Structure formats: C-alpha cells, structure tokens
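Chemist: Quick mapping for you: the protein sequence lines, in order, are chains A and B.
Numbering-wise (my numbering), the first sequence opens with residue -18 and increments by one.
Numbering-wise (my numbering), the second sequence opens with residue -18 and increments by one.
Derived by calculation from the structure, the hints in this document are not laboratory data.
Any given hint could be a false lead.
For chains that are exact copies, the list does not tell them apart, and a pair is met inside one copy or across any two.
In the DSS-like style, the derived pairs of lysine-lysine whose C-alpha atoms are separated by at most 30 Å in a straight line are [as the list claims (entries may be wrong)]:
no., residue 1, residue 2
1, 495, 277
2, 115, 277
3, 356, 316
4, 275, 658
5, 709, 306
6, 275, 495
7, 358, 715
8, 273, 496
9, 329, 283
10, 354, 120
Please read these numbers as outputs of a predicted model, since none were measured by experiment.
2 protein chains.
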Amino acid sequence: DGGSYDVVNDASSPAAGDCCAQQGSARHNWEMNYQEAAIYLQEGENNDKFFTHPKNAKALAAYLFVHNHLFYLMELSTALLLLLLSLCEAPAVPMLRLGIFVHATLELFALIVVVFELSMKMRWLGFQTFIRHKRTMVKTCVLFVQFIEAIVVLVRQTSHVRITRALRCIFLVDCRYCGAVRRNLRQIFQSLPPFIDILLLLLFFMVIFAILGEFYLWKVNFSFQYFNTLENSLVNLFVLLTTSNFPDVMMPSYARNPWSCVFFIVYLSIELYFIMNLLLAVVFDTFNDIEKRKFKSLLLHKRTAIQHAYRLLITKQRPSGISFKHFEGLLRFYKPRMCAKERYLTFKALNQSNTPLLSLKDFYNFYEVVGLKWKAKRNREHWFDDLPRTAFLIFKGINILVNSRVFQYTMFTVVAVNGIWILVETFMLQGGNFFSRNVPWSYIVFLTIYGVELLLKSTGLGPVEYLSSGWNLFDFSVTLFAFLGLMALAFNMEPFYFIVVLRPLQLLRLFKLKKRYRNVLDTMFELFPRMASLGLTLLIFYYCFAIVGMEFFAGVVYPNCCNTSTVADSYRWLNHTVGNKTVVEEGYYYLNNFDNILNSFVTLFELTVVNDWYIIMEGVTSQTTHWSRLYFMIFYIVTMVVMTIIVAFILDAFVFRMNYTRKNQDSEEDNGIVLEKEISKEEVIGIIELYKRSSAAVETAQLQKMVLQMDKYGQLSSVFLGRRSRTKSDLSMKMYEEEIQ
Amino acid sequence: DGGSYDVVNDASSPAAGDCCAQQGSARHNWEMNYQEAAIYLQEGENNDKFFTHPKNAKALAAYLFVHNHLFYLMELSTALLLLLLSLCEAPAVPMLRLGIFVHATLELFALIVVVFELSMKMRWLGFQTFIRHKRTMVKTCVLFVQFIEAIVVLVRQTSHVRITRALRCIFLVDCRYCGAVRRNLRQIFQSLPPFIDILLLLLFFMVIFAILGEFYLWKVNFSFQYFNTLENSLVNLFVLLTTSNFPDVMMPSYARNPWSCVFFIVYLSIELYFIMNLLLAVVFDTFNDIEKRKFKSLLLHKRTAIQHAYRLLITKQRPSGISFKHFEGLLRFYKPRMCAKERYLTFKALNQSNTPLLSLKDFYNFYEVVGLKWKAKRNREHWFDDLPRTAFLIFKGINILVNSRVFQYTMFTVVAVNGIWILVETFMLQGGNFFSRNVPWSYIVFLTIYGVELLLKSTGLGPVEYLSSGWNLFDFSVTLFAFLGLMALAFNMEPFYFIVVLRPLQLLRLFKLKKRYRNVLDTMFELFPRMASLGLTLLIFYYCFAIVGMEFFAGVVYPNCCNTSTVADSYRWLNHTVGNKTVVEEGYYYLNNFDNILNSFVTLFELTVVNDWYIIMEGVTSQTTHWSRLYFMIFYIVTMVVMTIIVAFILDAFVFRMNYTRKNQDSEEDNGIVLEKEISKEEVIGIIELYKRSSAAVETAQLQKMVLQMDKYGQLSSVFLGRRSRTKSDLSMKMYEEEIQ
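Next up, chain A with everything else stripped away, as it sits in the complex (with noise of 0.2 Å):
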C-alpha cells in the first residue's frame, strides 16, 4: 500500500496518513485520509487490485477525475461507437453505409478519445503500474494497431482487410461498466483447462472412429458420399458431433447394410451422450469451485479494503475505533448523497457494542450495512389511517377484500379464462381478418376486469406498496399494455398493433399459484442480470466472429451460388414454368451470409443453434477453399465453451439456490434484508451539534427538520426499517458459514 506519513501530533490527528498528506493543518489531514479510505473502500467493493492505488497529489487527481460516471460513460460510448462502426463501414447495412471519409474520420476522433482516457489513466497509474497492467497494455498495443489502419484508410482511402476490426471489442471489455463481461471472461479462461482435457478425449475418439469409418464404411460398404477420404470422415463425424447431420450421414451405409447403423449408434453413443456430457461435468464442477474460491478472494480483499480504510480513520490518541465524526468524513466522500440522517443510522447499524466508538469488527460489515435504504417505520398500518371515518371503513373494506383468498383465487380464474379465450379465438378466426376494425368485445370485458382490479389493489394496499412488488408490477405494465393495444386498435393506428400480441402474456400470472413457479421466477429475475452480462460476452464473441466472417466471406454466397456442392438444393432460386403455372423454388439459405454484421449476426446465431448449420459451412466452403471450415468449426467449439458454460451457471445458480431455500425451509419468507434501528432525539441534537461545529449548513437544516417533526408527534424516539434485496453474496455467505470460519 501507499506510503504513510508523520503528521501533526494534535489534539485528534489520524493515527496513519498516506499518499499526499505531507503537510498541512490536521483538519486538511484529515480530509485527504477520508477521500484515500473512500478510494480503498470503493477499491475493496470494486475488486480493483491496491497496487493501482494512487500513489501521490497528482495520482490522487487523475484517480478522481477517471473514476467517476462521466468519464465512465465516455469509455463506454467510444468504445460502442467504434463497435457501431463496422455497421457503417463496407460491407455495411445497405441503409447505414457511409462514405470511407466519414466513416475513417469518426473512427480516428474515437481512438483520439481513449487516446485521451489513456493517458489520464498513465497519470493516475504512473509509467510502471501502467506497464505492468496486462489488459491495459494489451488495449494500448490495440489502440496503436487500429490507428495506423484508421490513418492508412484515410490516405489511402479504401478498406484493406482489416481482421484486426475484431479486437475493437477490448475497448468495450475495458470499461468499467462492464465489469461483469470481465468476470465472466475469466472465468471462461479458468474453465478452459478441463475443458480442454475433456475436448481432446473427443478428437482422440473422432480421430479413431475416422480411421475406423474410412475402413469399414467406405472401404467394406462403399458409402461413398461421406467417408471416401480421411479429411472428409473427419469432417462428417465433427458434424455427426452436432447431430447435424445425422439421418442422412447413415443412411447410404444403411441402405446397404442394416448393421453399419451399429457403428453410428456407438459413436454417438460415446461422444454425444458420454463425453458431451462428462464435458457439461467437468466444466461445471469447475465453475462451481471458481464461484468458491472467487467469493472467498472476494471476501478477503475486502476485508483488506476495510483494514486499509479502518488505519486511516483510527486516531493516535484512540487506536481502538472510529468515531462518528470520522465515519461521517468518510461517508461523505464514499457517498457522497448519503443524507445526515442515513450517516448516523449506518453508523447505528454496524455499532454492535453500543461504545461510541467502531472496532475493526464492527466494521467489517461496512459493505452489508452501506447498501440498506432506511426509512422511519411508520406507525400507520394503511395508506388511508388518517383519513375520515368513512372513507376508512371504504378503504378498509377494499383492503381487506383485495387481501383476500376469494379475491386472489377469483383473479386466477378469470385470467385462465381469459387464457382459453384467446386459444379458442385464435381457433375460431383462422381464416377471417384479426386485425378487424371492430374490437372485440372479449377484449373489452377482460381488459375491464384488469382495470377494475388494479384499481381496487392501488387504492387498497395504497400505490405505493402496490408497485413495490414485483408481481403487482408486472400485472400493471401488462394491463397498460393491453390498454395502450385497446387504443391502438379503436384509433386504428397500425404501427402500434404489435402491442395488441402481448395480450397472453397476462397468462403468466397464473404461475403465481405454485412455490415452485414462484421460486423459478424469482430465482429468473434474480439471475437477470448475471445472465444478460453472459449474453453481452456472447455477443462479443459473435461480433469477433462477424468482423473475421465479414472479411473472407462477404459476397460469396449468392442465390444459385453453390449448384455443384452436395447442398446446392439449399441455395437454388428458381423460377421456372410447370405446365401454365410459375413455381417458385426457393432454398433461402443464401440468405444466411456475411453480407454485414448484422446478416452475420443472425448466421451466426444459427450456427450457434447449431441445426443445419453445415449447409451453411458447405455452401461458403463450396465458393471458397476447404480451410474455410475451420472457421465454422472454430466457431463451434468458441460456442460450445460458451454455451456450457452458461448451462453451467444456470445450473449452479439454481441448484445453490434452490439448497439455500431447502437450508431454510423453515424461516420466513424472504423479503430480503432487513434492519430496525431507533433513534432518540438526544442523539440527533448530539449530532446537530456536531454538525454546527463544522459548519455544515445542510445536514444540520435536514437534521433539524426531523427534530421537529419528532416534537410535532410527541415522540421521543423514532424507529428507521433499513432495507436491501439479498445478494448472492448474502446467500453465499450463509451457506459457505462453517468453510469461511
């Protein structure tokens, strides 16, 4: 860690000081020990590693001017501007192409700008940490890379083959928004080993069963189409792996002899179903001891966090705890929005020895306690306590009607209702007009229901409970859907129909019913955002592959392209005369090119889908040379990695939560994290005081406020609910309990 310094001896000087402090009243020490505790607390909370902790006044400068959302959002869209780019550049979307001049101009004013973010970084740094920083320097021998291109474009204005498009990717994986991408890269990187083993025992037996297939198929059986030469049995059975083509590889061998099926079925046998598998195996089982290992590293570095942060608060006269005054210079600096109030109840909240000071055990809990959102408990069980009698006992009534089993059950049924409905509609108007001027009428009932219930649930659980769950969310956003469809139909305003098809989706509500579904939801919406940080990673691997696609494969496969190939039926367009009538033979699959990114996208996803996707292999293959394969194959192995990987964290994501709940079976139901912490008025006049002291004028107008609103209802003390979702960290952290101690 940073050097500590000797600072003035007075009355309440820290007990450390570290980077800048060098001299100065206590008061500017203390400032500057506040701001370095915030650094490794948000270090700590960030996973970043402490060498690139800054060092000194200037470091310090740049480390604040780099680490906040401005300067992160201009990372970020440079680096989705460079990605767009190659929309723009040739072979690009035939509506968003742009002249080389435009395009070259935007992409070298892109690469000045992280240009610039570099640099800043370098001052925040300094020369050796920059050097020994691996992904930055790998960003800046990319940088270097795309800016001679970009200049050689201009001068020489047109594109060369420029594969290299391929790692603008590490411009977006460097922002710190995608943190997550990172992680999960990582992980995939770690992962390889085993899989690797694993893949290797595939090829061996792919290898084996070639030679074998050759042999016997071809050599005894004369299956000729498909193993007539090693490199071609090779390829069949890579295919064969991914069932792709499976009848059809079996059936010349078949048709002649019955029994060559055996050969087929054992390959599958092990390497589909046995080795595949074992893959799914071993790739899981190392995923699920990274997660371990990760959470505890993770444990750990913010401990250190916390120790850093806990010397630079501790004063030399009291090195057993922080005090509030201290605590609250931090937090000023680590949350900087945090109000007066929230301050005091956090540091409430992590005092567990009621001294007035916080130990270091205290302490530890700084990051559980930090994310609790507080709010006074209100005396009031309903919104509508403190209107008149009579408006009460309405109130009442529909709260106690809304809250109840007929109510629920009710609502149930007239949504599976509603459900037959539309299957029997969709039956019934088979072949009429369903986008008729006239609404039905069913459309009309069903959405009055909604309405009607939404509106009795707002006005009896009060608005603003009623949105706070995530179910009532849900019913109203698909009921304003609905609603907004009704409108588009009656007003006839056809861009808006599409809303009109989410009408079965109010059909989800029945899975309400069971635990199970129940679970699964939550456990869905709980995953979201880990899942989308894997589809992001998966896009990145797709864009790398669409750039290298785009650059040997664009144009190559046209309508009629490949008639002398085995899939040439698949890539025919015809339009010839039978008799008096024209038919269209269409094969379509020339549609599935590298075109632009976007037609690439969309091939790849189906190759990722995996089905048929050697057609598309053979047809490209067909118009090039036959190394174009490895490209797809490649691409397969890239997606498989990828895919199991994401099985595997779905799988580990639900198992551990799914044992957690079986863990808790009998503890309530979970609502996430809660705290209750009670507040005298002659704490808040303690901390008013302090406030004065330092003259901060608004915390004290804030704190002042809720003394007089503690007098106006008489109260002496007034209790605060501090709230937060349970993390995976939380859950983590209970079942691992016994390993971590």
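We have chain A already, so just place chain B on it with the hints.
Modeler: Chain B in isolation, oriented as in the chain A frame:
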C-alpha cells in the same frame, strides 16, 4: 416381523426365534435361526421390504425355492423369450418370421412358466401380502391379459392389434437381476413432478409464442407454410424447440422481413437456452436430493436388517453379543461358499473390542466386511524371489526396467509414433486397397514392440500382478486382438478383418499420462454398471414405443410414399435418365420405418438424436392422420425425461467423485478398501476344536492344512489381507459423514 416363540431353555438356546421353530431341539432351533438371520441380512442387502419376510415353514421353503440363481435365470429367460417373440411375430424381421401357430404356442408356454413363477411367489408371500404387493399385482393383471390374447391369437390363427405387447416389459423389469432398472424407473418417476412443472412452463411459452407467431408471422408477414393454423404453429414451435427445423422455419418470413428473426431468436433464447437448462437444473437438483435420501434410507434399512439378525443370534444367557459359533452358523447360510478360514477372519475383522462376543455396534459393519476377499499376505516381494540366483537377477533386472519411468515413456512414445503412423498411412492409402494380401511391415514392427513389452511386463511383474491392473489388462487384450488381426490378414480370413480396425485403440493408452484422464476413465469404469442399467431402462422405453409404432405405422412408409407432404424429397426414390446417364435420386428416409422391431429401434434412435426427426414424423403423418404426431411428440418428451436423467446422473456421479478426490487429495492413491488381520496358531487350533465338536469335516480339514503350512514355515501366526473395491456407498458414507451423525 414374524412372531417370536418361546423355545426350550437349554444352555445355549437363542434369545428369540422367528417363523417356524415351534418345536424341536435347541440345535434345530439354532439352525432355523441362522437361516432366518441370513434371510434378514439378504433382505437388507437387496432392499426387500420386511413385510415380505416368510412367516412359516411352508413360506420359508417357497422363499428358498424362489431365491436362488436357477429360479432367477428362469425368470430372466422367460422374460427375454417373451420380449424376443416380437422379432418373430408379424410384422416380423424377414429372416426370423415364424408361423402364427409356432410363436403363439411359444408365447403360451412362456406365459405358463410365468404363472408357475407367480404361484411360487404367492406360496412364499401368502395371499394377503401378494395382493398388497403392487408390482406383483400389475404383473398378474398383465399376465392375465396376455394369456387371453395369446389364446385368441391361437384360436383365430391371426394376429390382431396387440398394443398390450408393449406391457411385456414388466416381466423383465420384475426380474431379480433387473433391480437396478427398477431403481432407475423409481428415480425417474420421483423426478417427474418437478419435471412436469417446468415442462408446463415450457408449453405455456410455446402456446404464447404460437399465438404470437400466428398473429404476427402469418397475418403480418404471410409466412404461409409454417404458421397458417394454430395447430401448425404449435407443431412447428414444438419442432423448433428441438431446433430440428431451425433455419428453415425462419427463412420464408426472414426473406420478407429481416426483423422477423427477432421472434425466433427470442423464442429459442427463452425456451431452448433458458427453460430447457432450467429443466436440467431442476432434475439435477431433485436427483441429487433423491440420491442422498435414498442412501440414508438404504443405510437405515440395512441397519434394521442387522438388528433383526442380531436378535436371532444372541443367546438368552449372553445377550450382549454374538459368539463365533453362531456367527459361523449364520455365514454358513448367508455365504455358503465361504471357507472356514474366511469366516473366522470376517469375525475377527468385525470384532473391534477383542472380546469373544460381537456387539451390535460391531455387527453394524457386517455388509462392509463380508464383501472382503481374504488373501494371505506374502512375505515374498516378487514372484521370482524363490528362484535360483541367476534367474533371480535376470528377473529382478526386468522388474526394475519395467517399473522405470524411461521404459514407460519409451512406450508412450512408441504408441504416439504408431498413432501418427496410422494417420499418415490412412492418408496415403486413400485410393489403394486397404486389405491387401501383403501385411504392412509397420504393423509387424509395432506389434513386435507391443509383444515384447507384454512379455517383459508379465515376466517382470509376474502374470498375476500384471493382470490385476485394469490398464495392463486393457493393453493385453488390445495387443491380443492386434495379433489376431495379423493372423486374419496373414491367413486371409475375411470374416475376421474387423479386428484389424481395432488397432487405433492402442492409442487410448496415451491417456494414462494425465491425472485427469485417469480420473475420468476410472470413474467411467465405476459408472459402467449404472450406465448399463440406465441404457437398459431406455431400451425398455424403446421397446414399448417400438411395439406401439409397429402396430400403428408398420408398412406405412415406402419409397415415394409421401409425395403430397412437405418432406416429399426425403422419401423420393427415382430412377430416371438424364442425357444418356441413369441418375438415381435416393431420399432414403423410407428406411426409417416401423416395419419390424429392429427397424423400429433404429428409427427410435434417430428420433432420440432429434436431428431431422420431423421428417420422419411428417412422413408418417402424411400417410396416416395428424394424430400420429402425438406419438412422436410423446416419444420426444419421454426420451427427454430419460436423457435429462442420464445427464443428471453423469453430472452427479462426476461432480461427486471429483469432490471426493478434492477432499482426499492428500490421502494415498485409491486402491479400494484393505484390511489386515493376523491369526495366531492357537486361534486356529481353537476353531478346529469348535468344528470338530460340530463334526464339520470339510472345515476341519481346511484349517488343519493351514496349521500344517504354518508349521512348515515355522510361523506362529499368519497375516491376511482383506480387499474389495470401493463402492459408491463407501464414498457416500464418507461424504455425508456429518449429516448421517
């Protein structure tokens, strides 16, 4: 359990006596008790419920008749005969066709044997228990139906629609030898509830998307082919879930509007990549949980059995334990082929306290200890230690050479070179005739090297030790096969040519090099029995579906059958002339039919692999009604269940195993369970006395031989090693240690 009776109160009368020992001498009572205790232990081992325990002498006789390998074999062979009959019944495999009279008589004969078996079982169980035993009752009903049908066939001299033949599987499932299959089936049924829940979620989204698809793709984009009716939408989305029609189903609308791909991408992402994985996660989790619970209940069941047996073996006079005399009596019934020495060793191994009696706590380890194979620990290190000096030195040299790293790595190099050689050879021989008369010299060279290795190893280690390692056994058999292949080539014996192609299997030896592979391959061997039983379970499902398929779809599909359907191309068989060349257009799919049971199995395997399964479905559907699709869809779902369970099983087993190795990283290489016990001469003489008193001549002779041998070598005691391989139950015991306590 059976009632207990008072017995004669002599010096060593049993404390309790069950079933049939009403009168008779103490000696007779003891014999009965031994037998009954052995039966209890067997029931514990086989996880038979205790309410089927024989209750009287008649039942005991029937029990003994029913519980021996001869009876089991009869059960198995009648079941197999019944199953195999479907090869000969119409629609029969052409070569195996039998007259109706013949196969119906055979069937009737087999059914009568089953009746005999069932009546024996009824004698054992008694009518009350027989009725209560569900599986047996189902079997009886099926038997009754089969009987009537067989008679009807015989009388009418023609086969009617006999779907009930699918139920013949129950005879196989009920066999004693198919216990593993029954366990699998139970596990599958136990995993069903969560599976069905998620399946409903899957189908729900499918319906929503079908409605969306019909509205959006057909009404807006006029994708006529696939989404014109709701039924079509649903079927195509179901097929899309299997990815089997993927790019094709998208192409028409994609050609009209590129953005329509979003519909398909969203559908596949939700259904295929999310919910299907969820399915796996849920099944995996349930599976895991069931395994754990099953292990616990099995352990409990075994303990109860041991308690029952213990109660029967203690005497009234000494109720604190079992003496060797009674333990020996038990083993005579429980393991008749165990020799006297082994019985005493088992007793000694169980006896932890060194008192002459076996306490219940000691007796709890019965199942673990009784499986040990005992061998005298030899003082000689190598097999050649007793040879003359010169020979000893030579063999010692070979031994050192064979165990050296250099030798091992030389052999690995040879295998690798051989592998590359085979690859190169295969490449070079492209056009030539592989099975030429002249044996290639490389073949001879490599085979010689392998032969020399085999000789060196077996002389250096001794044949017994050499063959005790699985890897050596593998080397040996591969080399042997290669040698046989050479013979076949040299003497030009065509039918044995297939052995030649096994040559590349040599390369498998390379995988010994890495720990992970050793681990994986070892686990593979350990899993093999369980995998085989899962495969058999799958085959049973196949059989049911094959029978149903044959009854409904036999002869439905033939060349050029489906010219009106969308998959006509795949069934086309044309023989037309273009210019002056005859072009044969072969669709081959007509080969995937249900014309006999073998064809049905192949077709079902193709349906399991899923790729292009809709071609088979559509072909059959076009020739029958659209209800046929139900058959194919149900089959898909059933195989999905079984396959998911297989995947869950492999996952579970491997993750378990890897966790186990991780936990025991520091412990020695896993060599199974080894126990060491020493027997002194006095002990042996003591036992001889015991046997002499009960006039057991064979045992006395065995033991006296042992004493003689000890005298010969001048030993006062002899050390024995008990060995057995580690089972899953041992591992589970160690893994769940805490939980079980």
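Chemist: Decide, hint by hint, whether the structure agrees.
Modeler: Right, here's what the structure says about each hint:
no.: 1; hint: 495 to 277; result: between (35 Å within a copy, 29 Å between copies)
no.: 2; hint: 115 to 277; result: within (24 Å within a copy, 51 Å between copies)
no.: 3; hint: 356 to 316; result: within (17 Å within a copy, 73 Å between copies)
no.: 4; hint: 275 to 658; result: neither (33 Å within a copy, 46 Å between copies)
no.: 5; hint: 709 to 306; result: neither (32 Å within a copy, 61 Å between copies)
no.: 6; hint: 275 to 495; result: between (34 Å within a copy, 26 Å between copies)
no.: 7; hint: 358 to 715; result: within (27 Å within a copy, 50 Å between copies)
no.: 8; hint: 273 to 496; result: both (28 Å within a copy, 23 Å between copies)
no.: 9; hint: 329 to 283; result: within (21 Å within a copy, 56 Å between copies)
no.: 10; hint: 354 to 120; result: neither (38 Å within a copy, 64 Å between copies)
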